[in-house]
Amino acid sequence: MIEVEVEDDAWTAALPDAAAVADRAATAALGGVGGDVVVLLTDDAAVQDLNARFRERDRPTNVLSFPAAESAAPHLGDLVLAYGVCAAEAEAQGKSLADHLSHLTVHGVLHLLGRDHEAEAEAEEMEAEERSILASLGVADPYRADAQA
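The working numbering puts the sequence shown at residues 1 to 149.
It should be emphasised that the hints constitute simulated quantities derived from the structure, not laboratory data. Do not take every clue at face value.
Stated by the list, open to error - Label-pair distances were calculated between CB atoms; the ranges are:
id	residue 1	residue 2	range
1	R55	Q93	20 to 28 Å
2	A14	E70	33 to 41 Å
3	A73	G138	26 to 34 Å
4	D49	A72	18 to 26 Å
5	A119	T12	33 to 41 Å
Don't be surprised by glycine CBs; every beta carbon is placed ideally from N, CA and C.
Generate the whole structure from the sequences, applying the supplied hints.
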C-alpha cells in the first residue's frame, strides 16, 4: 500500500495530481514486492530539518529515504520530497515536475528496497532499473545527456 501525504500546498498548486503521480511511481517501483510506503510531499524547510538531524547535512535536498526496521514489516519506509528543490531541478533540467517527481519517487523506493549508488557498478545497475520503471510509466530517461539542460 502506498500512502501519499501532501504537507505543502505548493505541490498541488503546481501539480494538482501530485499525490497520484507519486502513488503511480511508487507502485511501479515496488513491482510485485509487497509492502507499505509513505510518501510525504513537503517543503524545503522540513526536508532541511530532517537532512540536518538524520544525515548531518544542514541543507534541503530533493528526496530523503528512510528505510523502516525489518521488525516494522510490511512497512518498507518513508520518502520525503522537498517542493522547492524538486521544482527548481525540474525547471533547470527542462523536465516537467510530474516526470521529475516520478523519477525521484522511483529512486527513493529503490533505496527502500535496498538499492544503492555508492559504487559505480551499483549506480549503473540502479539507474538501469530506474530507466526501465520510468519507461513503463512513459517518462523519458532522466540520465540521458540531452534530457538535461
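May I ask which of the numbered hints given earlier this structure violates, with the numbers listed in increasing order? The structure conflicts with no hint, since it agrees with every one listed earlier.
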